[in-house]
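Input sequences plus hints: build the corresponding full structure.
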Amino acid sequence: MLDAEGALRALSAGRPVLVGDRVSASLCSMGLRPWVHVIDMRERRGPAQSPPPCPFERSLSARNPPGTITREAAEALDEAMSLDSPARVIIDGEEDLLALVAIYLDRGSIVAYGQPGAGIAVVDSSDPGARALAERALLSMGGARRARNVLKVRGRGQAVAQGSERGAGPPAAQPELRLLSSRENKLLGRMEMEYLLPGASGRLSRADLVSLLAERLSASREAIVPVEMRPVTGTDDLLAVVYVYRDPADARRQLPEHLFLRMMSKEERARILEERRKAKAAQRAKAGGK
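Residue numbers (our numbering): 1 to 290.
Take these hints with a grain of salt, some might be off.
Straight-line Cα separation of at most 20 angstroms, SDA-like style, residue types lysine to any residue; simulated pairs [unchecked claim]: (1) K186 with D237; (2) K186 with L239; (3) K286 with E274; (4) K186 with R246; (5) K186 with A249; (6) K286 with E275; (7) K186 with T233; (8) K186 with E274; (9) K186 with P248; (10) K186 with S220; (11) K186 with Y243; (12) K186 with S126; (13) K186 with D247; (14) K186 with V241; (15) K286 with R276; (16) K186 with G129; (17) K186 with D124.
Cβ pair distances, simulated, as ranges [stated by the list, open to error]: (18) K280 with P175: 50 to 60 angstroms; (19) A13 with N185: 22 to 32 angstroms; (20) R71 with T235: 21 to 31 angstroms; (21) Q283 with S12: 41 to 51 angstroms; (22) L187 with R42: 40 to 50 angstroms; (23) G199 with R276: 36 to 46 angstroms; (24) R276 with P66: 52 to 62 angstroms; (25) P116 with S59: 23 to 33 angstroms; (26) Q115 with L187: 19 to 29 angstroms; (27) R178 with D247: 43 to 53 angstroms; (28) G199 with K286: 46 to 56 angstroms.
These are calculated hints, taken from the structure and not from any lab test.
Since this is a predicted model, take the numbers as computed values, not measurements.
We put the beta carbon where it would ideally sit given N, CA and C, even for glycine.
Below is the structure:
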């Protein structure tokens, strides 16, 4: 947890998304210009005296009852975070849980929200571990329905972006990913996650899974390691155990060579082996010249 000055320094490194009236008022009064701020015009369960002094060019609104995340609110936040100009999202209800959505959507943002009596939490949404924890929290909030709502919102935004760039219609469907469990291994610097991929047994290679997760988690391919992929007995579903390292170099240090190469695509594997062949040839030539 940070105080307002510490949060201001942390947020200056990226595109700030503020969730909450008090945190928005505190940081904007110190000169911060957030990319998006989300408010419900209430502070500590009482009405706010005035909106926070945050600059914005567009205002959106949505209904979101306390303790829930509605599709309407998730879509409003998704739209606000897709804009190039500052935006305000006004919530009719309660905005607290939308911090999870902001982290999960990951638009290269740094998300800040208040914790009463503790300070300000600041989360970099590009951190795979933070996104995995946000996804896990969404799944735990009454099951997968809410998480699927958020996934659909994110999928819609990506489809629009790809279609506008390529002009070639909607992208091909990707296998569904369901996060079953997630835990942080601080000693080894990695998140250890278990995924279920319905109908993907026999259709997905390790390299395919790495590509899918790299896009899903906004993580480097070299940081993602599928350590186990096996079919679920009696179904065509696939169960995958995946490690996501904070430092991709740790994956190379900790994994057996054959496993590291198996998670690469054919092109990447060929490139790595060719680079190593050239390095060994250069070493032999250098040794022979002495």
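Cross-check of the supplied hints:
no.	hint	result
1	K186 with D237	violated (30 angstroms)
2	K186 with L239	violated (24 angstroms)
3	K286 with E274	holds (18 angstroms)
4	K186 with R246	holds (10 angstroms)
5	K186 with A249	holds (15 angstroms)
6	K286 with E275	holds (16 angstroms)
7	K186 with T233	violated (32 angstroms)
8	K186 with E274	violated (34 angstroms)
9	K186 with P248	holds (15 angstroms)
10	K186 with S220	holds (19 angstroms)
11	K186 with Y243	holds (12 angstroms)
12	K186 with S126	holds (18 angstroms)
13	K186 with D247	holds (12 angstroms)
14	K186 with V241	holds (17 angstroms)
15	K286 with R276	holds (15 angstroms)
16	K186 with G129	holds (11 angstroms)
17	K186 with D124	holds (18 angstroms)
18	K280 with P175: 50 to 60 angstroms	violated (38 angstroms)
19	A13 with N185: 22 to 32 angstroms	holds (26 angstroms)
20	R71 with T235: 21 to 31 angstroms	holds (29 angstroms)
21	Q283 with S12: 41 to 51 angstroms	holds (45 angstroms)
22	L187 with R42: 40 to 50 angstroms	holds (42 angstroms)
23	G199 with R276: 36 to 46 angstroms	holds (37 angstroms)
24	R276 with P66: 52 to 62 angstroms	holds (57 angstroms)
25	P116 with S59: 23 to 33 angstroms	holds (26 angstroms)
26	Q115 with L187: 19 to 29 angstroms	holds (27 angstroms)
27	R178 with D247: 43 to 53 angstroms	violated (27 angstroms)
28	G199 with K286: 46 to 56 angstroms	holds (52 angstroms)
Of the numbered hints listed earlier, those contradicted by the structure are 1, 2, 7, 8, 18, 27.
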